[in-house]
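Colleague: Next come the chains, spelled out residue by residue.
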Amino acid sequence: MAEFEYDPVTRQRLIESWLPLVQEANSEYGWGYTARELEEFILEYAADLGQADNVALARAIVWSRQAHFQQRR
Amino acid sequence: MEQPPRGNKRSSFFTFRRRMVLVRLLLREPRSSADLIAAVRAELGAESYPSAAAVALKHDFDALRNEYGCVIRYQHAGRYYRLFDLGELTLFDLPNSCLEALAFLDASFPAGSAIPEYAAIRELFERVIAMLPPERRSAAVHGADLSRLQLPAIPAERIDRATLAVVRRAIKQRRELVFEYLSNFDTDTPRRHRVAPYTVFFRPEGHGYLDATLLDAEPRSVEVIGSALHYRLDRIVAGSARVLPQILPPQRVAPPAYRLCYHLLPVVARRRDIAVYFPDTVIEYQPDGSALVRATITNLWQARQVLLRYGSACRIIAPAELVVLMRQAATELAALYNEP
Chain A
1 MAEFEYDPVT RQRLIESWLP LVQEANSEYG WGYTARELEE FILEYAADLG
51 QADNVALARA IVWSRQAHFQ QRR
Chain B
74 MEQPPRGNKR SSFFTFRRRM VLVRLLLREP RSSADLIAAV RAELGAESYP
124 SAAAVALKHD FDALRNEYGC VIRYQHAGRY YRLFDLGELT LFDLPNSCLE
174 ALAFLDASFP AGSAIPEYAA IRELFERVIA MLPPERRSAA VHGADLSRLQ
224 LPAIPAERID RATLAVVRRA IKQRRELVFE YLSNFDTDTP RRHRVAPYTV
274 FFRPEGHGYL DATLLDAEPR SVEVIGSALH YRLDRIVAGS ARVLPQILPP
324 QRVAPPAYRL CYHLLPVVAR RRDIAVYFPD TVIEYQPDGS ALVRATITNL
374 WQARQVLLRY GSACRIIAPA ELVVLMRQAA TELAALYNEP
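Sequence order for the protein chains is A and B.
According to this note's numbering, the first sequence is numbered sequentially starting from 1.
According to this note's numbering, the second sequence is numbered sequentially starting from 74.
Next up, chain B with everything else stripped away, as it sits in the complex:
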């Protein structure tokens, strides 16, 4: 078979490189024909486009469309070219672990968030996805094993979206909120709570909470009116939350605050890296390797839950109310493990 002239072969290779550079330039952003020609010449040399550069550029686009199925369109409004789809020119691929990381981004930054930096993260995700072969795109978006990333998706999914929207509206408008709630003290019948709502937040175990001040509960139970409570969002009965007309006072009613003091044994404190769980925490490491921790709390129940994780390595010194709660927990635990 007759070999093509040497010059033609080099010319074909050069044309191929020029077209790849064009694709790369358009992956970054839409560009005018003049910009594209100038950028290609800057990278590959002034001779990379002939004097009739605009015609050659059009031939390049036609070739990219015909040979690779690239979708490149001229946008008349902005007078620039935009790359919409790489077609068969998807040379980029990722291992499955990276696809799972992409799926994490997709789940963590869903469309529609109002977080300012979110738009850039979402754009990054979509750009990377667009460069993958079609069969790998669906794996990144739908098929990745999110459990490997230890995402506790179940509790979050149980939060009723409409309820969350109503709660957020009440917080934003600084209005009272009423809802039916199934607390730990209720067996199967929810009770109506009227609250002053302040913050939605999440704890590491995956549950979402509303931080609110209790204004009224009907029928009444053990809750103290005026106390600051953390309501689990998934326990608010779907469809029951309503924003009330009553505007909240500018200052939140201060819940009772307690000076917390607890002693941690050397087994958890000797590395001097103990975790900080409460506001205004001050840690005093002792010569024997133990630590004395002081902080300020307003939620005795949460403090009890947090400090129970230390087991017998933690002794509460103050406040007395928390000592009572811990003593009660210890008694109940002992009863669980006592021989019958």
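The following block holds chain A by itself, in its conformation from the complex:
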């Protein structure tokens, strides 16, 4: 997995903000990612997620990036 250059405060807040939505998808679709992997997912795709205009698009971004994330596991 790539390393991300977020400072500790940004890292904490990004994960805290996006984890509920990403966790929901992880549970709904049965991806089975661990806590550590969910955090990696959020940090890797935070820039993409930040472009969502609504929760439907945010979910679609999570769903589409998951396939890419899965390949890199």
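Because the hints were derived from the structure by calculation, they are not lab data.
Misleading hints may appear alongside valid ones.
Claimed, not checked - Cβ-to-Cβ under 8 Å is the rule here; a few derived chain B residues that face chain A:
(1) Asp158
(2) Tyr271
(3) Thr272
(4) Pro322
(5) Gln324
(6) Arg325
(7) Pro329
(8) Cys334
(9) Val349
(10) Phe351
(11) Thr354
(12) Asn372
Stated by the list, open to error - Okay, derived cross-link-like pairs now, SDA-like style, lysine to any residue, Cα gap no bigger than 20 Å in a straight line:
(13) Lys245/B to Asp48/A
(14) Lys245/B to Tyr6/A
(15) Lys245/B to Val9/A
(16) Lys245/B to Gly30/A
(17) Lys245/B to Tyr29/A
(18) Lys245/B to Glu5/A
(19) Lys245/B to Glu28/A
Remember, it's a predicted structure, so these values are computed and weren't measured experimentally.
No residue lacks a Cβ here, since even glycine has one placed at the ideal position from N, Cα and C.
Chain B: place on chain A using the hints.
Modeller: Using the frame of chain A, we list chain B on its own:
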């Protein structure tokens, strides 16, 4: 009635197949006449086009235009043929459930997004739509029942687009942002908040938020200056958001962080599949089927909201500030259900 010669019938069928292959090739991408002839010959055999292949190809295009209303045009700039419309040759159709899925794609990936992979998704959507009969196209784009896909569209629609654009500009330029905001503590008069904005995000229930550090609020209320807050985007008064000239410092002011610890009863933990909601989560499953969960949080209010979903199956152990919030919630809930 006199039957046509056997050879003519076979020839007509062969010509029909050749024209269908042409359409399929052009559905994939625009091609030059030489490419098309070579591709048809590769698939149907060298004899599929006569020696005057270019003339026969032109006849094929004329037939596709005249018999089926296909719109195929020669692009002089690129010296290739492009298929613009299948006309009446729309043999492809989908059940309604698939049209709803297409509508989901349309809603989720609207035109104009800057997401790199978006262009391919949008192209896929438009290609599939183009192959549908005209009356089915409108169903895919406008008539599908999006509620069946459980899209919480209402909260998202309430976010003022202009406000979101201003918020995003402030984040991108790393500048202070000011807006009028109607918080839970305000009754009907919004108050002015000056913040350092960092992230726009969405929660599963459908609301969009701005993660920001509070720099000033006027008039002051219960908020603590310097605290990290999640502002609901739909509660920012439309037209009030402004980007200020002040550049933010490179490092965000660290909000108070708390070590969270809570105990989940076996009724929710015994399957060993409990959800992860907070950063740095570590789960210790206990022999009795319960679980002890540790994490790091900076937003006590959000933690309270998340953990309340467990009801009486969750007991907060730390931090003390969250225990106080939960105790308060429990007292208020008890008051709601007490007999008068």
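Colleague: Have a go at the Thr272/B hint: is there a Cβ in chain A nearer than 8 Å to its own Cβ?
Modeller: Since chain A brings a Cβ to about 6 Å from Thr272/B, closer than 8 Å, the hint holds.
Colleague: Take the shortest C-beta to C-beta distance between Asn372/B and chain A; is it under 8 Å?
Modeller: 6 Å, holds
Colleague: When the nearest CB of chain A is found for Cys334/B, is that gap smaller than 8 Å?
Modeller: This hint is violated: Cys334/B lies away from chain A, its Cβ roughly 15 Å from the closest one there, beyond 8 Å.
Colleague: Assess, step by step, whether the Cα of Lys245/B is no farther than 20 Å from the Cα of Glu5/A, and give holds or violated.
Modeller: Between Lys245/B and Glu5/A the Cα gap is close to 17 Å, so the pair holds against 20 Å.
Colleague: Given the hinted pair Lys245/B and Asp48/A, is their Cα-Cα distance within 20 Å?
Modeller: 14 Å, holds
Colleague: Between the alpha carbons of Lys245/B and Tyr29/A, is the straight-line distance 20 Å or under?
Modeller: 33 Å, violated
Colleague: Does Phe351/B pass the interface hint, meaning its C-beta sits closer than 8 Å to a C-beta of chain A?
Modeller: Status holds, d = 7 Å.
Colleague: Go through the hint on Asp158/B and say holds or violated, using the shortest Cβ distance to chain A against 8 Å.
Modeller: Constraint on Asp158/B not satisfied, violated at 28 Å.
Colleague: Verify the interface restraint on Gln324/B: the C-beta must sit less than 8 Å from at least one C-beta of chain A.
Modeller: 6 Å, holds
Colleague: Can the restraint linking Lys245/B and Gly30/A be considered satisfied, given a maximum Cα separation of 20 Å?
Modeller: 35 Å, violated
Colleague: Need the status of pair Lys245/B, Tyr6/A: alpha-carbon distance at most 20 Å?
Modeller: 16 Å, holds
Colleague: Would the hint on Pro322/B be counted as holding, given a Cβ-Cβ threshold of 8 Å to chain A?
Modeller: 12 Å, violated
The structure shown violates the earlier hints numbered 1, 4, 7, 8, 16, 17 and 19.
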